[in-house]
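Just so you know, the protein sequences line up as chains A and B, in that order.
Using the working numbering, count along the first sequence one by one with no gaps and you end on 187.
Using the working numbering, count along the second sequence one by one with no gaps and you end on 276.
Hints are supplied without guarantee of correctness; some may be wrong.
[Claimed, not checked] Here are some chain B residues pointing at chain A (derived, C-beta under 8 Å):
1) Ala-11
2) Ala-21
3) Ser-33
4) Ala-34
5) Gln-38
6) Met-39
7) Ala-45
8) Val-46
9) Phe-209
[Stated by the list, open to error] The following label-pair restraints were derived from C-beta to C-beta distances:
10) B:Ser-19 with A:Arg-18: 47 to 53 Å
11) B:Pro-196 with A:Arg-87: 24 to 30 Å
12) B:Gly-52 with A:Pro-4: 53 to 59 Å
13) B:Ser-5 with A:Ser-90: 28 to 34 Å
14) B:Ser-19 with A:Val-153: 21 to 27 Å
15) B:Ser-174 with A:Asp-129: 39 to 45 Å
16) A:Arg-67 with B:Asp-29: 40 to 46 Å
17) A:Gly-66 with B:Glu-17: 28 to 34 Å
Rather than coming from a laboratory, the hints here were simulated on the basis of the structure.
Every value quoted in this text rests on a predicted model; they were computed, and no experiment measured them.
By construction, the Cβ of each residue, glycine as well, lies at the ideal position given by its N, Cα and C atoms.
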Amino acid sequence: MEGPDDTDLARRAADGNREALETLLRRHQPRVYSLCRRMTGNDADALDATQEALIAIARGLPRFDGRAKFTTWMHRVATNACLDEMRRRSRRPEPVDHDSELASTGVDPAESVTDRLSIDEALAGLSEDHRAAVVLRDQLGLDYDEIAEVLGVRIGTVKSRIARGRAQLAARLGNSAVTGDVQGPER
Amino acid sequence: MSTPSEDELLAAVLDGEASRAESEAVLADPELSARLEQMRTARDAVAEEVPGLSELQAERLVAVASRVARDDGRTRRSRLLPWATAAAVVLMAGAVTVVMLNRDDDPPAQTASEAPGERLPDHFIDEPADSPISEDVPHSHVDDQEALAPALEEPEALDHDVVTPIQPPLNLGSLGDLELSDDLADVAASAMEDAPGGAVDPAASACIFPYQSAQGLAPPVGVGTATLGGQAVAVGVLSYSAPEDFAPDANLATLVVTTLPECAIVLTGPFEMLGR
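Extracted from the complex, chain B is given alone in its bound form (with noise of 0.2 Å):
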């Protein structure tokens, strides 16, 4: 059993900042050798080096660290409703009205990913799969933020205490093999109804990721896997929050899809959950 100045002595030594006396009595004594040892193991353990991010996931945490310091003075904090109904698990309508009205001037674009009888916002618009990620990613989160900056109060600082906890996300397992976006929308909105359970794969969970953070306006609430035209997709149903005097009975989605491995966008746009 060692104590803790016996612990002290071995880290100083480890460190190089016993003196020579302390550390040639430690090489003296065969346990406290043996002990020297098995701590250098730990810290060469510990201090192995971390593999580190791809370029593209560390361009794309860049850009929306950026992102958010630059829009802090404009963006508005949202008043988020709670997120009780957990299960419920999306609120997305209140940002999609108040992009409309925030647009009256600028007409929607059509898009493939726009639900039947709906028009769509113009940044719900399907990208090509060859995108800029590290412009898209941010944009399309950010974007949505300052959608809603008009009905949310007033600014402060990053409050991580006031943030509302997310959840971790659904697994959504595998969607399948799917040619066309309205489809894999429908699979994922049945997915979310009977998610699988268990880990998501890391690397789909990857990246949806990036939408999560930033003020956990927008966490992923199931994520999942397709093959979407044939390329292998990561699949995430985001959930949004909108201010609750602004659409108290949201309850809409958005169906992010992005190609794997390289997490370019595929699509975004916003989707109606089954069985509410």
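Just chain A, with the same shape it has in the complex (with noise of 0.2 Å):
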């Protein structure tokens, strides 16, 4: 990684550095939106929780004490930003248009429709610990210590939802791909 380590971008930034604050979340946006982006499974609201979990990285910078990683600490805030937007939004009804969605994306819809919305349906049939579990491993890659940490909860909660988790997935998409019937979000 390349200028000053996170947790010197932190301490300044918890200082009041503007450059600094802006250097971290600028750093960390990309993680934290694919995070959001496979927890809600949309691009609005993943757009809408990234901008939260930036807030509030912001904001809590000044209780981040540095025992932690910094990336765990963000980890750990923007997970609950992130389910914090998915159950506001879970409590109004809200159309979906998934062919508006997927065109906003950039990406070739007669590709990428299947894919798209299997693991976006797949993974919104998990439930909120499972889904959490599964992406913070499958799609950032973090460990399964740093997820304990990051969930708080013990690595043998951590091993389980992962494997329950990937299993329901296996389930979700295997189903799809042969009856194109994906069941909808839990919600």
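These two chains come separately, so use the hints to put the complex back together.
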């Protein structure tokens, strides 16, 4: 990683250094968005969740004491912000237009519709606990120890959630490939 | 049917956490091996790289977060009006009035987006289409928060539980080909009364979206598209909240227009909603 390390940036940002804060946010925004995109399952909610997550990170920096890795702390804040956003969204009905969502990605729908819908909807069918563990592991590549720290659970729980989450995903994706019928989000 | 212990074994093999003997046992069992491949497919699907945000979008997110954090010490939390009459949608006059009161020394500028008979505060000015959006958008939004600050309550940490939930914006659809921003304001106001429904245009939503976050003070209540002076634009109708004791009968919205697909701001300005 180029430039100052995260902990140094976080300390300076907490002291009010705008440049440090924006460098830190800019550096980690792609991972936060990836996390939120997989957690929320669509572009618009992911954008909103990412905004909330970045705000939560920026505002929470004075409480970052440096005992954990910055990224661990950041992932915890971002995961919670994503979950909060998802819960807020789930409290109100919202029309879903998958064609429009796909059109916004710039990806050829002919190539991506099945895959995108399958993984997004399959993930949406998981419980929040399982989804978070799977996304942190498989999208962000965190190891079990760090996931346990991020989620505040024991490592055995992390292993169990990842295993069950992947098994459910495999079943949903396998079924959808045959029937084209994927169970909708748990909302 | 898999068992939890088998699932954990397969996950451990996938993650390289299983012993060599365990891995070999899985691969030697046709059923487990097949399920391992299914799980690998699922894992790879989750791991597939997520298309990132555009540089512009990313910069706007960072700028808004940075601005909100910096303003934490001086921005006070609004005692938001109940959103009760969701259909009524908009409360803007409070913000406008506070701005004018707070800027007595600062004569407001006359702008093209000014509604008849009104003088606008100076931050509701038309901006050139090539204005740097990373500055314009957050400033526009946060300045409104600053404008509200004197009437707000003591600062407190962000607490999602007390932030008033926002409703999804109405889909205003395509508002047509217009030459003047005032005409666009009229058309947008009419569209708010008779929105076609359905999901909003994602590109337009992405351009209007940043106003929605940052404490939820200015969520878009309607999003559409139009052509303004030959330029494809995203159109957002924003709802502002004002302290109840300050402007209890506030009912004005702000129109935000940004170019598509660059999201450069064209104008922001209040306009009176039709059919209160």
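Do the hints match the structure? See the list:
no.: 1; hint: Ala-11; result: 4 Å, holds
no.: 2; hint: Ala-21; result: 18 Å, violated
no.: 3; hint: Ser-33; result: 13 Å, violated
no.: 4; hint: Ala-34; result: 10 Å, violated
no.: 5; hint: Gln-38; result: 4 Å, holds
no.: 6; hint: Met-39; result: 5 Å, holds
no.: 7; hint: Ala-45; result: 4 Å, holds
no.: 8; hint: Val-46; result: 4 Å, holds
no.: 9; hint: Phe-209; result: 6 Å, holds
no.: 10; hint: B:Ser-19 with A:Arg-18: 47 to 53 Å; result: 50 Å, holds
no.: 11; hint: B:Pro-196 with A:Arg-87: 24 to 30 Å; result: 29 Å, holds
no.: 12; hint: B:Gly-52 with A:Pro-4: 53 to 59 Å; result: 23 Å, violated
no.: 13; hint: B:Ser-5 with A:Ser-90: 28 to 34 Å; result: 32 Å, holds
no.: 14; hint: B:Ser-19 with A:Val-153: 21 to 27 Å; result: 24 Å, holds
no.: 15; hint: B:Ser-174 with A:Asp-129: 39 to 45 Å; result: 42 Å, holds
no.: 16; hint: A:Arg-67 with B:Asp-29: 40 to 46 Å; result: 44 Å, holds
no.: 17; hint: A:Gly-66 with B:Glu-17: 28 to 34 Å; result: 29 Å, holds
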